[in-house]
Amino acid sequence: MPDLDFERRVAAALHAPVTSSEGARERIMARVRQAALADGYRRGRRSPTARSARHSIVGLAMAASIGSVAVLSAVTPHPALDDGQSSVIGDSLESRLRDTLRLMRLMRDADHRYAFVVDGARWAPDPATTPVRAGDRLVSLLRATRDSN
Amino acid sequence: MNDMSELAIITRVLNGDVEAYARLVDRHYDRCARIAVRIVGNREDAEEALQDAFLRAFNALDEYEERERFSAWLTRIVVNQCRTVLARTRRREAVFLDVDPSALSLAVSASEGQGEWSDLEHALTQLPEAQREALVLRYADDLTYEEMARITGAGESALKMRVQRAFARLRALMSEVAHA
Chain A
105 MPDLDFERRV
115 AAALHAPVTS
125 SEGARERIMA
135 RVRQAALADG
145 YRRGRRSPTA
155 RSARHSIVGL
165 AMAASIGSVA
175 VLSAVTPHPA
185 LDDGQSSVIG
195 DSLESRLRDT
205 LRLMRLMRDA
215 DHRYAFVVDG
225 ARWAPDPATT
235 PVRAGDRLVS
245 LLRATRDSN
Chain B
29 MNDMSELAII
39 TRVLNGDVEA
49 YARLVDRHYD
59 RCARIAVRIV
69 GNREDAEEAL
79 QDAFLRAFNA
89 LDEYEERERF
99 SAWLTRIVVN
109 QCRTVLARTR
119 RREAVFLDVD
129 PSALSLAVSA
139 SEGQGEWSDL
149 EHALTQLPEA
159 QREALVLRYA
169 DDLTYEEMAR
179 ITGAGESALK
189 MRVQRAFARL
199 RALMSEVAHA
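Top to bottom, those sequences are chains A and B. Everything in the first sequence is counted per our numbering, starting at 105 for the first residue and increasing by one. Everything in the second sequence is counted per our numbering, starting at 29 for the first residue and increasing by one.
Honestly, the hints are just simulated from the structure, not real lab data. This one's a predicted model, so the numbers in the text were calculated from it and none came from an experiment. Note that beta-carbon positions come from the ideal geometry of N, C-alpha and C, so glycine has one too. Treat the hints with care, as some may be off.
In silico SDA-like links for lysine to any residue, alpha-carbon gap of 25 Å or less [claimed, not checked]:
1. B:188 to A:107
2. B:188 to A:116
3. B:188 to A:108
4. B:188 to A:111
5. B:188 to B:83
6. B:188 to A:137
7. B:188 to A:112
8. B:188 to B:158
9. B:188 to A:115
10. B:188 to A:140
Every beta carbon over 10 Å from chain A, so not counted as near; a handful from chain B, in silico [as the list claims (entries may be wrong)]:
11. 112
12. 158
13. 172
Could you put together the complete structure from these sequences and hints?
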């Protein structure tokens with residue numbers, strides 16, 4: 105272990121404040137504003153108490169766990185998911201970075217469309233597929249396969 | 029807004045109040061600057077890393093989860109940006125390897141302080157990056173090894189070893205300076 109006195113000296117040195125160039129913080133905010141503008145910063149993104157909707161295809165495949173099946177999922181959120189006409193196909197826990205777990209639910213709605221609901225709160229399309237137009241709406245194609253393990 | 033909790037500020041930002049983000053920048057800038065300068069070794073690169081880090085944090089704010097301390101979440105982004113800057117610097121150095129330094133008028137960056145601190149600062153730059161990063165997180169930000177592990181992705185025992193080796197190397201370097 106390092107000598108305590110030397111450790112204290114190093115700690116004090118590392119704790120010493122550093123000077124920043126003039127306007128450093130303002131430059132950060134300028135970039136933030138620029139990014140927000142370019143992004144058309146959307147209001148009401150979500151509360152930090154909710155969880156993000158990112159997911160992996162592996163997680164989705166595990167969530168499905170319904171054998172080999174081709175699934176069409178709508179690209180835009182579907183309001184019919186909570187109307188009582190939807191049915192649950194399967195649930196799965198997906199492990200995430202930072203040791204978090206996410207409940208993934210594969211659902212089918214009344215219109216032969218499929219969707220993934222994350223933590224019971226957020227609808228998620230399949231982000232890895234290329235959306236294609238099917239009739240009057242965009243869909244993404246996902247193949248879910250049974251986990252052989 | 030000074031008394032607002034970080035969660036309240038984050039919620040405001042997520043609700044579209046971009047200017048509220050300045051409060052988070054103000055609250056964390058000095059601490060992050062201390063980390064970044066110590067890790068990358070100079071103020072210019074550190075400020076570049078900080079700009080990118082705060083911007084990334086803003087863009088990823090809706091991925092922040094309340095269960096984690098915001099400061100730790102932000103520190104992880106800062107450390108990653110510092111690594112990116114260091115990697116870029118290495119590439120830059122590689123690109124300019126064939127330039128004769130004696131042909132250039134090199135300005136020595138002004139050191140913030142004199143004497144021992146100056147020597148220590150110089151010695152820090154001589155440490156391997158992983159050791160320097162571990163030492164800085166441990167002592168410039170008072171993190172526990174558990175927090176450091178979450179931020180760096182390295183194991184706690186590996187981090188303890190890095191800190192230990194960093195101290196040994198620092199001692200040797202400082203001793204060389206003292207006897208020079």
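TODO: For the pair we were handed, residue 188 of chain B and residue 158 of chain B, check the Cα-Cα distance against 25 Å.
DONE: Distance of about 11 Å is within 25 Å: holds.
Task: Hinted pair residue 188 of chain B and residue 116 of chain A, Cα distance within 25 Å - done: 19 Å, holds
Open item on the list: What's the verdict on residue 188 of chain B and residue 83 of chain B, does the C-alpha distance respect the 25 Å limit or exceed it?
Closed with: Roughly 31 Å separates the two Cα atoms, so the pair is violated.
Task: Restraint status (C-alpha distance of residue 188 of chain B to residue 111 of chain A at most 25 Å) - done: Holds, at roughly 14 Å.
Task: Given as non-interface: residue 172 of chain B, which should sit over 10 Å from chain A by C-beta - done: 14 Å, holds
Open item on the list: Need the status of pair residue 188 of chain B, residue 112 of chain A: alpha-carbon distance at most 25 Å?
Closed with: Since the Cα atoms of residue 188 of chain B and residue 112 of chain A sit roughly 17 Å apart, the hinted pair holds (cutoff 25 Å).
Task: Agreement of residue 188 of chain B and residue 140 of chain A with the hint, judged by alpha carbon distance not exceeding 25 Å - done: 40 Å, violated
TODO: Decide if the proposed pair is consistent with the structure: residue 188 of chain B and residue 115 of chain A, CA atoms, cutoff 25 Å inclusive.
DONE: 15 Å, holds
Open item on the list: Tell me if the straight-line CA distance from residue 188 of chain B to residue 108 of chain A falls inside 25 Å.
Closed with: 16 Å, holds
TODO: Evaluate the condition: distance from the CB of residue 112 of chain B to the nearest CB of chain A exceeds 10 Å.
DONE: 16 Å, holds
Task: Hinted pair residue 188 of chain B and residue 137 of chain A, Cα distance within 25 Å - done: 40 Å, violated
Open item on the list: Using Cβ atoms and 10 Å as the threshold, tell me whether residue 158 of chain B really stays out of contact range of chain A.
Closed with: The assertion about residue 158 of chain B holds, with a minimum of 16 Å to chain A.
Going through the hint list in order, the structure does not satisfy hints 5, 6 and 10.
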